[in-house]
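Asker: In the numbering used here, the protein residues as written are 68 to 206.
A hint or two may mislead.
Claimed, not checked - For each label pair, taking beta carbons as the anchor points, the in silico distance ranges come out as:
1. D146 <-> G118: 12 to 22 Å
2. L165 <-> A80: 35 to 45 Å
3. L165 <-> A116: 27 to 37 Å
4. C150 <-> I90: 31 to 41 Å
5. C91 <-> C150: 33 to 43 Å
6. P166 <-> G118: 15 to 25 Å
7. E89 <-> M123: 36 to 46 Å
8. E164 <-> T108: 34 to 44 Å
9. D94 <-> M123: 18 to 28 Å
10. C76 <-> G124: 18 to 28 Å
11. D75 <-> E164: 48 to 58 Å
12. G104 <-> V134: 48 to 58 Å
13. N84 <-> V136: 28 to 38 Å
14. C76 <-> E164: 42 to 52 Å
Read the hints as simulated data drawn from the structure, not as lab findings. All C-beta atoms in this analysis are idealised placements derived from N, C-alpha and C, irrespective of residue type, glycine included.
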Amino acid sequence: IITAPQCDCDVVAAPINPINQEICVGDPAESLTVEVGNDITVNWYSSPAGGISLGMGTSFTPTDVSVGVYTYYAEATDDITDCVGETRTEVTDTIHELPSITIDSKECTPEQFLEALDGAIFTGMETSLGLECGWFIYL
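Please build the complete structure, drawing on both the sequences and the hints.
Answerer: Structure below.
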(Lines of atoms letter the chains of each structure in order from A and count residues from 1; the text may use other names and numbers.)
(Lines give C-alpha, C1' and ligand atoms only; values in the text may rest on other atoms or scores of the structure.)
Protein backbone atom coordinates (compact mmCIF):
# COMPACT_ATOMS: atom_id res chain seq x y z
CA ILE A 1 0.00 0.00 0.00
CA ILE A 2 1.28 3.44 -0.90
CA THR A 3 0.00 6.35 1.16
CA ALA A 4 -0.17 9.70 -0.59
CA PRO A 5 1.46 12.62 1.24
CA GLN A 6 -0.80 15.06 3.06
CA CYS A 7 -0.23 17.98 0.70
CA ASP A 8 -3.06 20.15 2.00
CA CYS A 9 -1.95 20.07 5.67
CA ASP A 10 0.08 22.64 7.51
CA VAL A 11 3.11 21.35 9.37
CA VAL A 12 2.14 19.82 12.72
CA ALA A 13 5.00 20.20 15.20
CA ALA A 14 6.23 17.04 16.89
CA PRO A 15 5.68 16.79 20.66
CA ILE A 16 8.44 18.47 22.71
CA ASN A 17 10.10 18.13 26.13
CA PRO A 18 9.90 14.34 26.40
CA ILE A 19 10.25 13.08 29.97
CA ASN A 20 11.92 9.67 30.04
CA GLN A 21 11.53 7.43 33.08
CA GLU A 22 13.95 5.18 34.94
CA ILE A 23 12.78 2.77 37.63
CA CYS A 24 13.96 -0.45 39.24
CA VAL A 25 12.28 -3.74 38.47
CA GLY A 26 9.27 -4.15 40.76
CA ASP A 27 8.70 -0.40 41.20
CA PRO A 28 5.36 1.04 40.07
CA ALA A 29 5.39 2.25 36.47
CA GLU A 30 5.86 5.99 35.94
CA SER A 31 4.25 7.99 33.14
CA LEU A 32 6.18 9.09 30.09
CA THR A 33 5.18 12.63 29.11
CA VAL A 34 5.48 15.15 26.29
CA GLU A 35 4.16 18.65 25.65
CA VAL A 36 2.13 19.92 22.68
CA GLY A 37 0.32 23.11 21.74
CA ASN A 38 -3.40 23.85 21.94
CA ASP A 39 -5.79 21.76 19.84
CA ILE A 40 -3.22 18.98 19.44
CA THR A 41 -3.78 15.35 20.45
CA VAL A 42 -0.92 12.95 21.19
CA ASN A 43 -1.02 9.27 20.26
CA TRP A 44 1.62 6.83 21.58
CA TYR A 45 3.23 4.06 19.55
CA SER A 46 5.91 1.39 19.98
CA SER A 47 7.45 2.10 16.57
CA PRO A 48 8.80 5.26 14.91
CA ALA A 49 6.34 4.89 12.01
CA GLY A 50 3.09 3.01 11.48
CA GLY A 51 1.58 0.71 14.07
CA ILE A 52 -1.46 0.86 16.30
CA SER A 53 -1.90 3.57 18.91
CA LEU A 54 -1.16 2.33 22.45
CA GLY A 55 -2.76 5.31 24.14
CA MET A 56 -3.78 8.92 23.80
CA GLY A 57 -2.85 12.03 25.77
CA THR A 58 0.28 13.92 26.81
CA SER A 59 1.18 11.14 29.24
CA PHE A 60 1.43 7.40 28.77
CA THR A 61 2.07 4.75 31.42
CA PRO A 62 3.90 1.73 29.98
CA THR A 63 3.07 -1.77 31.15
CA ASP A 64 6.62 -3.16 30.87
CA VAL A 65 7.79 -5.13 33.91
CA SER A 66 11.07 -6.76 32.83
CA VAL A 67 14.55 -5.25 32.98
CA GLY A 68 15.33 -3.39 29.76
CA VAL A 69 15.06 -0.18 27.79
CA TYR A 70 11.71 0.33 26.08
CA THR A 71 11.22 3.03 23.48
CA TYR A 72 7.88 4.66 22.71
CA TYR A 73 6.99 7.34 20.21
CA ALA A 74 4.59 10.26 20.67
CA GLU A 75 2.82 11.56 17.56
CA ALA A 76 0.92 14.85 17.29
CA THR A 77 -2.40 15.26 15.48
CA ASP A 78 -4.07 18.62 14.89
CA ASP A 79 -7.61 18.38 16.31
CA ILE A 80 -8.99 21.00 13.89
CA THR A 81 -7.48 19.84 10.58
CA ASP A 82 -6.92 16.18 11.53
CA CYS A 83 -3.40 16.54 10.10
CA VAL A 84 -0.71 14.31 11.59
CA GLY A 85 2.85 15.35 12.36
CA GLU A 86 5.52 13.94 10.08
CA THR A 87 7.85 12.85 12.89
CA ARG A 88 7.29 11.14 16.21
CA THR A 89 9.10 12.05 19.41
CA GLU A 90 11.08 9.25 21.07
CA VAL A 91 10.55 8.67 24.80
CA THR A 92 12.19 5.87 26.80
CA ASP A 93 11.20 3.77 29.77
CA THR A 94 14.22 2.14 31.43
CA ILE A 95 13.80 -0.64 33.99
CA HIS A 96 16.95 -1.45 35.97
CA GLU A 97 17.88 -4.56 37.94
CA LEU A 98 17.70 -4.17 41.69
CA PRO A 99 21.16 -3.40 43.04
CA SER A 100 22.91 -6.30 44.70
CA ILE A 101 24.47 -5.76 48.11
CA THR A 102 27.53 -7.61 49.37
CA ILE A 103 28.49 -7.23 53.01
CA ASP A 104 32.05 -7.92 54.13
CA SER A 105 32.62 -8.19 57.88
CA LYS A 106 35.90 -8.02 59.74
CA GLU A 107 35.33 -8.52 63.46
CA CYS A 108 32.14 -6.49 63.90
CA THR A 109 29.12 -7.71 65.77
CA PRO A 110 25.78 -7.59 63.99
CA GLU A 111 24.66 -4.98 66.54
CA GLN A 112 27.57 -2.68 65.61
CA PHE A 113 26.75 -3.06 61.96
CA LEU A 114 23.03 -2.33 62.41
CA GLU A 115 23.82 0.74 64.54
CA ALA A 116 26.15 2.10 61.85
CA LEU A 117 23.69 1.24 59.07
CA ASP A 118 20.97 3.40 60.62
CA GLY A 119 20.95 6.62 58.57
CA ALA A 120 23.65 5.52 56.10
CA ILE A 121 23.48 6.98 52.61
CA PHE A 122 24.31 4.73 49.68
CA THR A 123 25.65 6.32 46.53
CA GLY A 124 25.94 3.32 44.23
CA MET A 125 29.66 3.04 44.85
CA GLU A 126 31.63 1.22 47.53
CA THR A 127 30.42 2.64 50.83
CA SER A 128 32.17 2.31 54.16
CA LEU A 129 30.11 2.90 57.25
CA GLY A 130 33.15 4.20 59.11
CA LEU A 131 33.36 1.44 61.67
CA GLU A 132 36.79 0.67 63.04
CA CYS A 133 35.96 -3.00 62.92
CA GLY A 134 35.61 -2.94 59.14
CA TRP A 135 32.11 -3.59 57.86
CA PHE A 136 31.84 -2.59 54.22
CA ILE A 137 28.89 -2.62 51.87
CA TYR A 138 29.33 -2.95 48.12
CA LEU A 139 26.43 -2.02 45.89
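Asker: Determine for every hint whether it applies to the structure shown.
Answerer: Outcome of the hint check:
{"no.": "1", "hint": "D146 <-> G118: 12 to 22 Å", "in the structure": "21 Å, holds"}
{"no.": "2", "hint": "L165 <-> A80: 35 to 45 Å", "in the structure": "39 Å, holds"}
{"no.": "3", "hint": "L165 <-> A116: 27 to 37 Å", "in the structure": "35 Å, holds"}
{"no.": "4", "hint": "C150 <-> I90: 31 to 41 Å", "in the structure": "35 Å, holds"}
{"no.": "5", "hint": "C91 <-> C150: 33 to 43 Å", "in the structure": "40 Å, holds"}
{"no.": "6", "hint": "P166 <-> G118: 15 to 25 Å", "in the structure": "34 Å, violated"}
{"no.": "7", "hint": "E89 <-> M123: 36 to 46 Å", "in the structure": "24 Å, violated"}
{"no.": "8", "hint": "E164 <-> T108: 34 to 44 Å", "in the structure": "36 Å, holds"}
{"no.": "9", "hint": "D94 <-> M123: 18 to 28 Å", "in the structure": "25 Å, holds"}
{"no.": "10", "hint": "C76 <-> G124: 18 to 28 Å", "in the structure": "22 Å, holds"}
{"no.": "11", "hint": "D75 <-> E164: 48 to 58 Å", "in the structure": "50 Å, holds"}
{"no.": "12", "hint": "G104 <-> V134: 48 to 58 Å", "in the structure": "36 Å, violated"}
{"no.": "13", "hint": "N84 <-> V136: 28 to 38 Å", "in the structure": "20 Å, violated"}
{"no.": "14", "hint": "C76 <-> E164: 42 to 52 Å", "in the structure": "45 Å, holds"}
Of the numbered hints given earlier, the model fails hints 6, 7, 12 and 13; all others are met.
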